[in-house]
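Asks: What follows is the residue order along each chain.
2 protein chains.
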Amino acid sequence: MREVAVLGVGQSKFGKMPDISVAELGRDAALAAVEDAGINVKEIQVAYGSRLFDLMCTSQDILKEIGVTNIEMVNVENACSGGSTAVRGVWKEIASGHYDIGIAIGAESMTTSPIAGRLIPPGKDDLNGQLGLTMPGVFGMLARRQMEENGATKEDFAQVSVKNHHHGCLNPFAQYKKEFTIEAVLNSRMICDPITLLECCPNSDGAAAVILCSMDVARKYTRNPVRILSSSLLSGDYSYRQDDITLSPLGVKTAQMAYEMAGCGPEDIDVVELHDAFAPEEILRYEDLGLCKKGEGIAFLRSGASALGGKVPVNPSGGLLALGHPLSASGVRVVVEITQQLRGRAGQHQVDGAKVGLAHMLGGMVTGLEAGACCIHILAK
Amino acid sequence: MREVAVLGVGQSKFGKMPDISVAELGRDAALAAVEDAGINVKEIQVAYGSRLFDLMCTSQDILKEIGVTNIEMVNVENACSGGSTAVRGVWKEIASGHYDIGIAIGAESMTTSPIAGRLIPPGKDDLNGQLGLTMPGVFGMLARRQMEENGATKEDFAQVSVKNHHHGCLNPFAQYKKEFTIEAVLNSRMICDPITLLECCPNSDGAAAVILCSMDVARKYTRNPVRILSSSLLSGDYSYRQDDITLSPLGVKTAQMAYEMAGCGPEDIDVVELHDAFAPEEILRYEDLGLCKKGEGIAFLRSGASALGGKVPVNPSGGLLALGHPLSASGVRVVVEITQQLRGRAGQHQVDGAKVGLAHMLGGMVTGLEAGACCIHILAK
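Protein sequence lines correspond, in order, to chains G and W.
If you want our numbering, it's the 1-based position in the first sequence plus 369.
If you want our numbering, it's the 1-based position in the second sequence plus 369.
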């Protein structure tokens, strides 16, 4: 397996843009990544695209816009982890020596998707979902359990939103750039007790792209490229919520695989981007990733460790809560963010001295699709 | 790159089965492949699933049914070539040494999809499609050009249907098992002049699965495994239909790549399964694949070369015309068929002495998605 470098990253704006097509969103992200990499589009040898809704030759649609023709293109889906799966696909192509330069693009237009303005609907065969166990329902139950088991309070959940929206104010790509108080978060509309509106990630449109290459290629363009230390992807642990619902067995195992391959542990991670679809979820993920011990996520949050300036800033970009969550774009976007952090180019939301970063995504957790996929990349400068 | 073997193959029935879910169709195919391979499901290390409509954690949905948990699962889409792309994905995993055994599953329930009972609708941004250039429209224009340029007659097109339906009568998995005469095909309802109803593949439900493994693993189970000599996938040649519409530049290039990698030429191929979505298309593909020279597809057909007992039987299974075309299943199904042919286990539609076979799929040719993907595998005993 060859070492793989991140040569270029880019993203579109994130927000509600129903007049902009997925091809246009993807084009903006891909062109930004190409410009960032400093390559000619003709050098791209392979592409992995991801989109959840209306996936149909997404790579082809996007790459046509930027003049990339006659290469291998693969379109992947893995619930919220689809974008991460695309990054992993290109990583594998380079690592195995099949190609030297490739692009991963995640793009989603939620405002023009079949679920525009609605919750992600449960599948036809998903009886629990049809009975009301929607995404907010699942995370509402998890939050209640966190309160029962770990002493979490509604204020703790609100604090995650306050933190991430503060981070988002420092990120020009964030959909929302507004500071919120604990009170404002708690007083926003109740969605699924205890989860309020401002504790839910907004449905958004957007795209992100990364260009990966072999170290030989990378060294022609840059002296000190960001490297991918590990990539891990795991699916189908249907034990989730069977005994201890505050732990994702899939998330824990995927993290263990990522650390093992990277030859490091959670103590070595300087910055994390993770799946915070609902504010209470972020706290669960601290524990999945081993940033703190099981049951100590609340204390970790309260200590300020996960805020900018803390021990391990989590979602310095603003996360899904402040950026919005164009589903398949998010898995690529977290790699874009971690890359910029490691390059020291994250601007106002830079984590000082970040040398190792972790990009996490988890998706497909409604009933019938339990733990669809968890995908983690660890990057280093 | 390691050599890769086909250890097991399986498929569900193909037909209109709106009461059977994609998970059930996929389960039937996967279990058949597992049984054929003689392995325990727990030995499967990686899965690639493909589905075009409502793709959402298809692998996870299917593998949950057969007790496969906690492995890497990737869901891919590439128009009609999605299933082939899944096969290629697993092939790459094994070839690169990342895993030793994996499963590719293609599954589609057309009768419960959003397009049930309708043509594949053109995209919102596809102006030509909205104006009427649907799939039958595209292939109708191609057929007219074949008549103009190459002397094709309506009877030639009908003959493709007669041939493939005859083959289908010999295949227990075919949706239609009925012999048709040239007159019956020509007298069936006109869909898009000159293409009649019996020259269109039916919308169908179905699934297919293949289990691939390293040669080391294969030798534990069988003395003489079918091997994958080459795998090629190419996308995004937007020159299609610009100058000579009777040739698919993408198809030609993908075939050249496949032959080069396999170290053989079209003259070495004993049996072919290819994308015959409409009867006239099969003749175009003879030429793309080099089974005959450019412009000589009609003569090749008329000579009987592509019929069972001919020089290079094409679609001995009955092809999409007789089996039906559950879109993402078809790309896997052609690999299943070629494997059975090379094993000498194709029953009544066996091609005598077949040693090298080619499985082809091409998709995404409506305007706006020109030449979405062509994917070819060459297999040998």
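No lab work stands behind these hints: they were computed from the structure.
Heads up, some of the hints might be wrong.
Given that identical chains are not distinguished, each listed pair holds provided it fits within a single copy or across any two copies.
[Stated by the list, open to error] Each computed DSS-like pair below joins lysine-lysine, with the alpha-carbon atoms no more than 30 angstroms apart:
no. : residue 1 : residue 2
1   : Lys-411   : Lys-622
2   : Lys-622   : Lys-433
3   : Lys-411   : Lys-546
4   : Lys-622   : Lys-382
5   : Lys-523   : Lys-589
6   : Lys-411   : Lys-680
7   : Lys-433   : Lys-663
Asks: Determine for every hint whether it applies to the structure shown.
Replies: Hints and how they fare:
1. Lys-411 x Lys-622: between (38 angstroms within a copy, 17 angstroms between copies)
2. Lys-622 x Lys-433: between (38 angstroms within a copy, 18 angstroms between copies)
3. Lys-411 x Lys-546: neither (37 angstroms within a copy, 48 angstroms between copies)
4. Lys-622 x Lys-382: Classified as neither; 33 angstroms inside a copy, 37 angstroms across copies.
5. Lys-523 x Lys-589: Close neither inside one copy (51 angstroms) nor across copies (58 angstroms); limit 30 angstroms.
6. Lys-411 x Lys-680: neither (42 angstroms within a copy, 41 angstroms between copies)
7. Lys-433 x Lys-663: between (47 angstroms within a copy, 28 angstroms between copies)
Checked against the numbered hints listed earlier, the structure breaks hints 3, 4, 5, 6; every other hint is satisfied.
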